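Q: The hints should help you fit chain B onto chain A, whose structure is shown.
Given next are the chains, with one letter for each unit.
Number of protein chains: 2
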Amino acid sequence: MMSESGKVPAPTIERLAIYSRPLEDLLESGTPVVSSERLAILCGVNPAQVRKDLAYFGEFGVRGLGYEVRELLRAIRTILATDRVWHLCIVGMGNLGRALVENENFKKRGYLFAAAFDVDNRKVGERLRCGLAIEPIAKIKELVGRLNVDIGVITTPQEDAQRVADLLTDAGVKSLLNFAPLQVRAPASCFVEHVDLGVKLENLAYHLTRLRGAKPHK
Amino acid sequence: MMSESGKVPAPTIERLAIYSRPLEDLLESGTPVVSSERLAILCGVNPAQVRKDLAYFGEFGVRGLGYEVRELLRAIRTILATDRVWHLCIVGMGNLGRALVENENFKKRGYLFAAAFDVDNRKVGERLRCGLAIEPIAKIKELVGRLNVDIGVITTPQEDAQRVADLLTDAGVKSLLNFAPLQVRAPASCFVEHVDLGVKLENLAYHLTRLRGAKPHK
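As they're listed, the protein sequences go chains A and B. Mapped onto our numbering, the consecutive letters of the first sequence carry residue numbers 1 to 218. Mapped onto our numbering, the consecutive letters of the second sequence carry residue numbers 219 to 436.
Just chain A, with the same shape it has in the complex (with noise of 0.2 Å):
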């Protein structure tokens, strides 16, 4: 069913993520069919995307009818690997750490927050409401080689980004999520995913006075 070839353009990987938020409602709610119309306006796509999208991927459809939910958001979950777990660590215990660590959604996705930590010794030893405790970063190493630990998120300060994403990448994460406005370096074995939450700001800037002409403030 999947395609071996691995060439598959990133923006389709990320809206697999994104099909499979309405797929889990469908399944749920014991619908066992959808269109690529309907899941594209659930998405908020386009149709043609939609298919384009899942033909990368062999034959999900039944002709003429739509996609069996079931079957369609067993192979995206195959295909994104979040069929198993991953162990996460988290360092800065900010607002966006706490906000992450709690997150209901990651833990149902299977992604599992093993250990949290904080530059700022005034901060180790607090419970998190999610039952974690937080830990120095000189435990960085120990923790995420007992813990197994695969994905280091980064939620700090950006002068403290690069110094964590060393210490991340010297315990053995094998990629790293960054939320620190700078763009960190590891080394080519670790694999870097940036997010920057000012981005889908500026797309909205861009909409809304290019193609809705809104005027600027006094």
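Treat the hints loosely; a few may be bogus.
For each label pair, taking beta carbons as the anchor points, the in silico distance ranges come out as [claimed, not checked]:
id: 1; chain 1: B; residue 1: Tyr274; chain 2: A; residue 2: Val33; range: 34 to 44 Å
id: 2; chain 1: B; residue 1: Ser407; chain 2: A; residue 2: Leu112; range: 39 to 49 Å
id: 3; chain 1: A; residue 1: Asn105; chain 2: B; residue 2: Pro227; range: 24 to 34 Å
id: 4; chain 1: B; residue 1: Leu283; chain 2: A; residue 2: Lys139; range: 41 to 51 Å
id: 5; chain 1: B; residue 1: Ala266; chain 2: A; residue 2: Gly64; range: 33 to 43 Å
id: 6; chain 1: A; residue 1: Val33; chain 2: B; residue 2: Glu320; range: 38 to 48 Å
id: 7; chain 1: A; residue 1: Ser189; chain 2: B; residue 2: Tyr274; range: 32 to 42 Å
id: 8; chain 1: B; residue 1: Ser253; chain 2: A; residue 2: Arg84; range: 35 to 45 Å
id: 9; chain 1: A; residue 1: Glu126; chain 2: B; residue 2: Arg381; range: 32 to 42 Å
To be clear about the criterion: a stretch of chain B counts as covered by chain A if any three or more of its residues have a C-beta under 8 Å from a C-beta of chain A, and this derived list gives those stretches [to be verified]:
id: 10; segment: 256–270
id: 11; segment: 414–424
Cut-off 30 Å, straight-line C-alpha distance, at most; resulting in silico cross-link-like pairs (DSS-like, lysine-lysine) [said to hold, decoys possible]:
id: 12; chain 1: A; residue 1: Lys107; chain 2: B; residue 2: Lys341
id: 13; chain 1: B; residue 1: Lys418; chain 2: A; residue 2: Lys200
id: 14; chain 1: B; residue 1: Lys418; chain 2: A; residue 2: Lys141
id: 15; chain 1: A; residue 1: Lys200; chain 2: B; residue 2: Lys341
id: 16; chain 1: B; residue 1: Lys325; chain 2: A; residue 2: Lys200
id: 17; chain 1: A; residue 1: Lys141; chain 2: A; residue 2: Lys123
id: 18; chain 1: A; residue 1: Lys108; chain 2: A; residue 2: Lys200
id: 19; chain 1: B; residue 1: Lys357; chain 2: A; residue 2: Lys200
id: 20; chain 1: A; residue 1: Lys200; chain 2: B; residue 2: Lys392
id: 21; chain 1: A; residue 1: Lys107; chain 2: B; residue 2: Lys418
id: 22; chain 1: B; residue 1: Lys341; chain 2: B; residue 2: Lys357
id: 23; chain 1: B; residue 1: Lys359; chain 2: A; residue 2: Lys200
id: 24; chain 1: A; residue 1: Lys107; chain 2: A; residue 2: Lys123
id: 25; chain 1: A; residue 1: Lys174; chain 2: B; residue 2: Lys418
id: 26; chain 1: A; residue 1: Lys107; chain 2: A; residue 2: Lys139
id: 27; chain 1: A; residue 1: Lys123; chain 2: B; residue 2: Lys341
id: 28; chain 1: B; residue 1: Lys418; chain 2: A; residue 2: Lys123
id: 29; chain 1: B; residue 1: Lys325; chain 2: A; residue 2: Lys123
id: 30; chain 1: A; residue 1: Lys108; chain 2: B; residue 2: Lys341
id: 31; chain 1: A; residue 1: Lys123; chain 2: B; residue 2: Lys326
id: 32; chain 1: B; residue 1: Lys418; chain 2: B; residue 2: Lys326
Keep in mind that the hints were calculated from the coordinates and are not lab data. Just so it is clear, the structure is predicted and the values come from calculations on it, not from any experiment. For every residue, glycine included, the Cβ atom is placed at its ideal position computed from N, Cα and C.
A: Then chain B, alone, in the frame of chain A:
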């Protein structure tokens, strides 16, 4: 300088915002010119992509040398409409809402939070670190109008998101940035952007499994 067709692909717009980050640093450090290779490395994309994206907007380059940092940054800001001030409001003052309101980078780029609301009346009146006091959602209509709010940011739990989206669009916001795990509906006159923080994690999982051969935990 700007192509007037308006048909610039959304991923290009997102990358322009990403290019602007290291350009800001280069400008601050007094670097006059940057090559597409250097800019590509700083942003974690490939140089051909940088050249292709910038080509949508005409000629920024100094032939054989690269791009003038100041000119390129100014052009990107004009394109993205980040050379002006936008008024935002935010609804849902949990950890994520607080992280966004207190993000200094938004303010630097002209995104000003003018009001913060919460569905939970027990939070109303609390003074945030940014100086705003939390308002009840009953005041959305009045404050959005009075403060000329362009963009409404939704950081509520899933079950409140649609009701809040309705209040915001009814109050006249032109655009929504929704972090709740639900595709909120809005009138066609309102541009909606969804941010799903889990999508990037799934992207990582895909890379780790398909490209790196990561094995499941026992």
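Q: Hints first: check each against the structure and report whether it holds.
A: Okay, the hints, checked on the actual structure:
no.	hint	result
1	B/Tyr274 / A/Val33: 34 to 44 Å	holds, 40 Å
2	B/Ser407 / A/Leu112: 39 to 49 Å	holds, 42 Å
3	A/Asn105 / B/Pro227: 24 to 34 Å	holds, 28 Å
4	B/Leu283 / A/Lys139: 41 to 51 Å	holds, 48 Å
5	B/Ala266 / A/Gly64: 33 to 43 Å	holds, 41 Å
6	A/Val33 / B/Glu320: 38 to 48 Å	holds, 45 Å
7	A/Ser189 / B/Tyr274: 32 to 42 Å	holds, 34 Å
8	B/Ser253 / A/Arg84: 35 to 45 Å	holds, 41 Å
9	A/Glu126 / B/Arg381: 32 to 42 Å	holds, 34 Å
10	256–270	holds (count 3)
11	414–424	holds (count 11)
12	A/Lys107 / B/Lys341	holds, 27 Å
13	B/Lys418 / A/Lys200	holds, 14 Å
14	B/Lys418 / A/Lys141	holds, 24 Å
15	A/Lys200 / B/Lys341	holds, 27 Å
16	B/Lys325 / A/Lys200	holds, 15 Å
17	A/Lys141 / A/Lys123	holds, 19 Å
18	A/Lys108 / A/Lys200	holds, 25 Å
19	B/Lys357 / A/Lys200	holds, 26 Å
20	A/Lys200 / B/Lys392	holds, 15 Å
21	A/Lys107 / B/Lys418	holds, 15 Å
22	B/Lys341 / B/Lys357	holds, 14 Å
23	B/Lys359 / A/Lys200	holds, 24 Å
24	A/Lys107 / A/Lys123	holds, 24 Å
25	A/Lys174 / B/Lys418	holds, 15 Å
26	A/Lys107 / A/Lys139	holds, 23 Å
27	A/Lys123 / B/Lys341	holds, 24 Å
28	B/Lys418 / A/Lys123	holds, 27 Å
29	B/Lys325 / A/Lys123	holds, 27 Å
30	A/Lys108 / B/Lys341	holds, 28 Å
31	A/Lys123 / B/Lys326	holds, 28 Å
32	B/Lys418 / B/Lys326	holds, 25 Å
Consistency with the previously given hints is maintained throughout, with no hint failing.
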